[in-house]
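Colleague: Each chain is listed here by its residues.
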Amino acid sequence: MTQLSTLHVRSINHRVAPTAVREQAHIEPEQAVALMNALVGGPEQEAAVRGCLSVIPVSTCNRTEIYLEILEGHDPDAVMGAGLAAVGLDADLYHSEYALRLNGLEAIEHLYKVSSGLESMMLGEPQIAGQLKTAYRLAREHQEPGPGLLRAFQGAFRAGKRVRTETRIATGAVSVAFAAVELARKFFDHLCDQNAVLVGAGETGGLAARHFLQHNIGQLTVVNRSYDRAQTLAQTLMAEKKAGLGRSAREGAAELQALPELEEGCGQIAARPWEELIPALAAADVILTTTGATEPIILPAMVEEAISGRKGKPLFMLDIAVPRDIHPDVHQIAGVFVFGLDDLDEIIQGNLSAREHQIPRAEEIIREELVEFQQWLNDVDLRPTVAEFRAYLEELKDKQVGFVRKKQNDEVAAAVDRSLQQFIKKVVGRSVSTLKAAESREQRERDLATLHRIFGIGDQD
Amino acid sequence: MAVLHSAFMVLLPMAYLVVWGSYMWLFLTDHPGAHRIVTRVALVTVFLDLVATVHLAQELHRLPMGSPLEFLGLLALAMLATYLVIERRLHVKNTGFLVTGVAFLFKFLSAAFTTPVRGASPYLSDPGFAGHAVFVLLAYTALSLSFLYAILYLVLSRQLMHRHFGLLFRRLPSLDVLERMSVGAVELGLPLLFVALSLGHLWMYDLADRVSPEMAALLSPYDPKIMATWVIFLAYAVGLAGHRFLGWRGYRMNVMAVVGYVVIVLSMGLIQHFFPTFHKFRVHAEPKTTLLHEAAPTPLVLTRGGGV
Numbered sequence: 000m001t002q003l004s005t006l007h008v009r010s011i012n013h014r015v016a017p018t019a020v021r022e023q024a025h026i027e028p029e030q031a032v033a034l035m036n037a038l039v040g041g042p043e044q045e046a047a048v049r050g051c052l053s054v055i056p057v058s059t060c061n062r063t064e065i066y067l068e069i070l071e072g073h074d075p076d077a078v079m080g081a082g083l084a085a086v087g088l089d090a091d092l093y094h095s096e097y098a099l100r101l102n103g104l105e106a107i108e109h110l111y112k113v114s115s116g117l118e119s120m121m122l123g124e125p126q127i128a129g130q131l132k133t134a135y136r137l138a139r140e141h142q143e144p145g146p147g148l149l150r151a152f153q154g155a156f157r158a159g160k161r162v163r164t165e166t167r168i169a170t171g172a173v174s175v176a177f178a179a180v181e182l183a184r185k186f187f188d189h190l191c192d193q194n195a196v197l198v199g200a201g202e203t204g205g206l207a208a209r210h211f212l213q214h215n216i217g218q219l220t221v222v223n224r225s226y227d228r229a230q231t232l233a234q235t236l237m238a239e240k241k242a243g244l245g246r247s248a249r250e251g252a253a254e255l256q257a258l259p260e261l262e263e264g265c266g267q268i269a270a271r272p273w274e275e276l277i278p279a280l281a282a283a284d285v286i287l288t289t290t291g292a293t294e295p296i297i298l299p300a301m302v303e304e305a306i307s308g309r310k311g312k313p314l315f316m317l318d319i320a321v322p323r324d325i326h327p328d329v330h331q332i333a334g335v336f337v338f339g340l341d342d343l344d345e346i347i348q349g350n351l352s353a354r355e356h357q358i359p360r361a362e363e364i365i366r367e368e369l370v371e372f373q374q375w376l377n378d379v380d381l382r383p384t385v386a387e388f389r390a391y392l393e394e395l396k397d398k399q400v401g402f403v404r405k406k407q408n409d410e411v412a413a414a415v416d417r418s419l420q421q422f423i424k425k426v427v428g429r430s431v432s433t434l435k436a437a438e439s440r441e442q443r444e445r446d447l448a449t450l451h452r453i454f455g456i457g458d459q460d
Numbered sequence: 000m001a002v003l004h005s006a007f008m009v010l011l012p013m014a015y016l017v018v019w020g021s022y023m024w025l026f027l028t029d030h031p032g033a034h035r036i037v038t039r040v041a042l043v044t045v046f047l048d049l050v051a052t053v054h055l056a057q058e059l060h061r062l063p064m065g066s067p068l069e070f071l072g073l074l075a076l077a078m079l080a081t082y083l084v085i086e087r088r089l090h091v092k093n094t095g096f097l098v099t100g101v102a103f104l105f106k107f108l109s110a111a112f113t114t115p116v117r118g119a120s121p122y123l124s125d126p127g128f129a130g131h132a133v134f135v136l137l138a139y140t141a142l143s144l145s146f147l148y149a150i151l152y153l154v155l156s157r158q159l160m161h162r163h164f165g166l167l168f169r170r171l172p173s174l175d176v177l178e179r180m181s182v183g184a185v186e187l188g189l190p191l192l193f194v195a196l197s198l199g200h201l202w203m204y205d206l207a208d209r210v211s212p213e214m215a216a217l218l219s220p221y222d223p224k225i226m227a228t229w230v231i232f233l234a235y236a237v238g239l240a241g242h243r244f245l246g247w248r249g250y251r252m253n254v255m256a257v258v259g260y261v262v263i264v265l266s267m268g269l270i271q272h273f274f275p276t277f278h279k280f281r282v283h284a285e286p287k288t289t290l291l292h293e294a295a296p297t298p299l300v301l302t303r304g305g306g307v
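Sequence lines, in order, name chains W and F. Just so we're aligned, residue 0 is where the first sequence starts under numbering that gives the first Met the number 0, counting upward by one. Just so we're aligned, residue 0 is where the second sequence starts under numbering that gives the first Met the number 0, counting upward by one.
It is worth saying that the hints were derived from the structure and are not from the lab. Please note: incorrect hints may appear among the correct ones.
Cut-off 20 Å, straight-line C-alpha distance, at most; resulting in silico cross-link-like pairs (SDA-like, lysine to any residue) [stated by the list, open to error]:
#1 W/Lys-398 <-> W/Arg-417
#2 W/Lys-310 <-> F/His-34
#3 W/Lys-310 <-> F/Ala-236
#4 W/Lys-425 <-> W/Ala-436
#5 W/Lys-310 <-> F/Arg-243
#6 W/Lys-310 <-> F/Val-254
#7 W/Lys-310 <-> F/His-242
#8 W/Lys-310 <-> F/Gly-183
#9 W/Lys-405 <-> W/Asp-416
#10 W/Lys-425 <-> W/His-451
#11 W/Lys-310 <-> F/Arg-157
#12 W/Lys-310 <-> F/Leu-239
#13 W/Lys-112 <-> W/Leu-369
#14 W/Lys-310 <-> W/Gly-334
#15 W/Lys-310 <-> F/Tyr-250
#16 W/Lys-160 <-> F/Tyr-250
#17 W/Lys-425 <-> W/Leu-381
#18 W/Lys-398 <-> W/Val-415
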């Protein structure tokens, strides 16, 4: 008979634990491999950690979670504690107030929610799905996951995908840099055709510039009071672009994960001295200001001069400096749209609110997927026996068809084969229905044992 | 057959209402389900309306443009069909609520208030005139869409200027796309208008040879409606040239599109009302009598009312 197993998760995440605890609980990939070897390493493993069918550790900046499939009758905390101790990780953390301990279907529901981004700090963020897949792949490379965890993770990936495609939970910018790009895109559909000017060469400016380059801004000109710094930033950005800005930014800013690589011809970068600010502004469609100046440096007269040749084309200006770099009166100039940090924050809050409205539908999808998992779980003990029973009948069928083939031609044998196939389908189908209809687990076990005994299939131990 | 026509008159406004409702659902919720169904619902409606139009044309033995309300019904069909082409080209569905709303309004007015057109112009059965009328319809459809997209541009622009990041901000495409849609519609409509005017002129000269001298004397290229249409054509052409060669963009272009369309509507309305020209007539003869069917054409008497 098949040994039954149970599913569990022990989680230290941003909802229950502060950053310091999460840092302490973080598991590096090598440690995850060591943990898997300790828990499911085979017969040589210590008696204390026996009972673990499979384990999948997931560790990101906001959560460290250990998913376990344990043979029935074993204590998951004892098993996991022994495994963590064996590889030198802090097992006590998972017994503390900072740990979330869920078992059975609750653990699966948690996994589905994590995969869908419902448990993420930034609701609906898509990176967690990739991180779960990475953890799952790593686990499969080092062990054969138990049927429960295998099914649970596959279901989680499906639930996550459904939530992202059937709801709008992952849409809209939820970071300042991304909101800036989203705002610019309300003006210009194709940023590759637009010129941007970055006024200021500090860290914030560099980050904003990277996001615009990621979104294929056509030309980026850096203007700074210190021309050397402008040149340095331009050269750094150019070097990053050549080295694959797409990859580096994806690693650094996970929100950009789904973005395409730079388009051919986009992302030209240059630096200009401060004296050429007005000509640079005149050539710009997007202006980003991030200097540390204490007084406004972009004045209405400068902008009026700069836009004189635009013939109605809107000019997008984003001031993310504190105090502001753009004089408030610039906003009054027709065709000039000035935005600041407060505006970006309002966009982010609006998007987060819109995402929150998607939660009920996302939870409905998760419930549907959980029902499917529950159905699978209900029948999991039947599967090995049913498979063996089917194999036994197939074997009998093959023998009979072989016998017919000797006496008759192939056409007759094929007809008999088809007929017996139908017969097997009906017999197995009826048997499964009868087994599923058992009134209790004991009754079902008795029925399974009877099937084994009558047909002499499987392990009689 | 009358039953079928009556069924269409009830069914079609309902179908347009469903299309509008679907696009509103999409606009308000951005629901993936709405994304999936809107185009299909609109396509089915266009198909139904086409069937109804062909059926009606066969029944009447003429283009169903015998009255302003009949024209309005066809304009609704042309708007929806043209919108679907634009939607497919630009992959933008969130502007559909406005176009389909106007199309529904036109279809509803057309179906609710249309009465049988007695003594409709026999020219509606003339292939030359029919070609002219169809091109006029398509041209004005394109210009109507240009107007609607220009309105959306100005609304979104205003929202951005006032930093309102609400539903319109989240749902509407960029100003860039709205401007391309508006200008693209003019780029489509202008050649159509030119073809419509040219066909109209050719047909008029052809007709002059076939009618009585008194009637022929009324067929003048200086007809107010024709003159106004040429002025409109030139105004749009100047705007388009400014966009293409002088770099006119943004607010300026879209205000021009709105003003241009308002001028069209007002001038046509005034001309229709105050100048009873050969573009506005009713035939005092059997409705099915046509110039094509008779060697000697039925005398035409200019009156007020009816007309195309």
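Colleague: All the hints need checking, so say for each whether the structure fits it.
Modeller: Evaluation of the provided hints:
no., hint, result
1, W/Lys-398 <-> W/Arg-417, "14 Å, holds"
2, W/Lys-310 <-> F/His-34, "36 Å, violated"
3, W/Lys-310 <-> F/Ala-236, "18 Å, holds"
4, W/Lys-425 <-> W/Ala-436, "16 Å, holds"
5, W/Lys-310 <-> F/Arg-243, "12 Å, holds"
6, W/Lys-310 <-> F/Val-254, "13 Å, holds"
7, W/Lys-310 <-> F/His-242, "10 Å, holds"
8, W/Lys-310 <-> F/Gly-183, "19 Å, holds"
9, W/Lys-405 <-> W/Asp-416, "14 Å, holds"
10, W/Lys-425 <-> W/His-451, "19 Å, holds"
11, W/Lys-310 <-> F/Arg-157, "18 Å, holds"
12, W/Lys-310 <-> F/Leu-239, "14 Å, holds"
13, W/Lys-112 <-> W/Leu-369, "11 Å, holds"
14, W/Lys-310 <-> W/Gly-334, "9 Å, holds"
15, W/Lys-310 <-> F/Tyr-250, "9 Å, holds"
16, W/Lys-160 <-> F/Tyr-250, "41 Å, violated"
17, W/Lys-425 <-> W/Leu-381, "17 Å, holds"
18, W/Lys-398 <-> W/Val-415, "11 Å, holds"
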